[in-house]
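Starting from the known structure of chain A, arrange chain B on it as the hints suggest.
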Amino acid sequence: MVASIDFWLTQFLNGLQLSMLLFLLSVGLTIIFGLMHFVNLAHGALYMVGAYAGVTAAASLGSFWLALAIAPIAVMAVGMFLYATVIRHMRRSGPMNQVLVTLGLIFVIVDLVRIIWGDIALGMEQPAILSGPVELLGVVYPAYRLFVIGVGAAVMLALSLVLSRTQIGAMVRAGVENDAMAACMGINVERLFFAVFCVGCALAGLGGAIAAPVFSATPSMATDILIPTLIVVVIGGLGSLRGAIAGSLIVGFIQTFGAVVLPGFASVLIYVLLAGVLIAKPSGLLPARG
Amino acid sequence: MFHQSPLKSLTLAAVIVALALYATLGGYFPRDIVVEIALLAILALSLDFVAGYGGMVSLCHGAIYGVSAYAFAGMTAVAGYDAATATLAALAIAAAFGLFVGAVTANISGIFFIMATLAFGQMAYVVVFEWRALGGDDGLSGIERYDLSTLGIDLNDSLQFALFCLVVLVAVYGVAALVLRGTFGRTLTGIRFNEDRMRALGLSAWSHKALAFAFSSLLAGVAGILAAQHTLFVSPELLVWTVSGEVLIVVILGGLGTLVGPIVGAALLVLLKHEVGAYTNHWHLIIGLFLIAAVMAGGRGVYGQLEHYLLQKAERRANA
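Protein sequence lines correspond, in order, to chains A and B.
Heads up: the first sequence at position 73 corresponds to 73 in our numbering, and the numbers run straight through without jumps.
Heads up: the second sequence at position 166 corresponds to 166 in our numbering, and the numbers run straight through without jumps.
These aren't lab readings, by the way, just hints derived from the structure by calculation.
Nothing here was measured: the structure is a model prediction, and the numbers come from that model.
Glycine included, each C-beta is placed from N, C-alpha and C at the ideal position.
Check before you lean on any hint, since a few could be wrong.
[What the hints assert, rightly or not] Between beta-carbon pairs, the in silico distance windows are: (1) A:Ala280 x B:Trp131: 25 to 31 Å; (2) A:Ile168 x B:Ala103: 30 to 36 Å; (3) B:Arg132 x A:Arg88: 48 to 54 Å; (4) A:Gly94 x B:Gln4: 25 to 31 Å; (5) B:Asp196 x A:Trp8: 50 to 56 Å; (6) B:Gly110 x A:Trp8: 52 to 58 Å; (7) A:Ala84 x B:Thr242: 26 to 32 Å.
The following block holds chain A by itself, in its conformation from the complex:
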């Protein structure tokens, strides 16, 4: 396995791109987990809806950029509907019931998507400006994939700033730390949760829309992405932004480099890591609660 620096740099960028997609999904999931102890398995299904919404918007409006703006809003609307009909009623009913109800939601959403869009993978055009390859440090790499990395990094930066420097961020952190106490301090935790839930859904939709030109939109996206995302959340620690960042990078890089170094057993590595973290440090590597 002696290969040039270029090869490893390309793999590094691939790993980074996967990490950023995982980050867009896991950050919403982890804050929803951490803030309200709500297990939302349907998060992966929202990512899939984002991809399909992006494909349809791009095809009908003819603009990638408009699609990138519309998909998160559409997914947020779906998320609000789910919140009003199902999730709000399941807030206090234990992790197992939440797992089951959101598993049911996956079935329903995936089948609705299959009814509306069919079973065939739908592609999405990359915008002309990003369709070519670019040269970076002597490596030729698709510009669009760099764009994905850039979007992920921008969201990461924006969220860190919001969470650490604004009042809303302080309220979210307080809610994660101790929701009962936060409520006593006059924070409307329920409304805060709803807002965070909407942002989480929008990010899942954004993730789906930017993934669509690379992977195409398929009904199996919903469950394919779910397990890696859950692993990121659990490894990183529920409710922790730093945990989601660290977890995404770990899982993204292990999957990418594992596939090169130990083909076939890359996914075993991820599960070994997950089991190891759960046994040694069940609260995750970077838990939100000190």
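Okay, now just chain B, sitting in the frame of chain A:
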């Protein structure tokens, strides 16, 4: 606390008799459905043992089922052992895998436990998927059904195989019920209700939970051996986490912690799949809505709801 109530016996008898009649009077296809129900029922029953009575919601029972099916298939079709040795080995491997998972995860709770079992299940899936000697992702064929000709039974006959599976289902139910009625089962239920108190009584919650998981895996292994003989073919698809998810759905639809409920749930799910599947390939939509409704209605499941309703009625009569 497990109690083999008259309602449980009645429900079990009604379901088994109905399935036996369906298999006897129907043709090849109904018999296939009965086998499918019996396999899913055994697996769901084994999950209910740990989830309903031990409080351990496992997402790796599909993997245990697959490991046992593969162990049986590998021992007979690849290594050439006889069916009896292969059966014992498959059960031992399933129980050992369960004991390992149980021992490592017994101190983890809630969603973390679910994730940990998922991780071990997926590890088994990837190992089987990549194991070329066992056919890898192509699966493995060349499996034979038990030779019971000395008893005058021909399992290659679809009706006799269906009835055989029903007999095994009843036997597995009986064994699980006996264990739950005994000291071990009562201790396990006690741990589920109040782990700290059981510990204060000097009992090791950890070892009871690990052993319960191993026993449940042994029962799941029975279903795996039958599954290998049912289709005469095993593939890594048996071990995918969605199988475990489906089994969990069966337990919930039927009634968690009722032991007989999962059998009802298995019959409902398989029949629904085939009935709805005859009209549309979107049967997951119906199952999903059904599941959401079942959990949001209180999560007691079909059998659990019936039991609850009858208990309340009896209470009202007693108070009147």
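To see whether the hints hold, each was checked on the structure:
no., hint, in the structure
1, A:Ala280 x B:Trp131: 25 to 31 Å, "holds (28 Å)"
2, A:Ile168 x B:Ala103: 30 to 36 Å, "violated (44 Å)"
3, B:Arg132 x A:Arg88: 48 to 54 Å, "holds (50 Å)"
4, A:Gly94 x B:Gln4: 25 to 31 Å, "holds (27 Å)"
5, B:Asp196 x A:Trp8: 50 to 56 Å, "holds (52 Å)"
6, B:Gly110 x A:Trp8: 52 to 58 Å, "violated (40 Å)"
7, A:Ala84 x B:Thr242: 26 to 32 Å, "holds (28 Å)"
In this structure, the hints that do not hold are numbers 2 and 6, in rising order.
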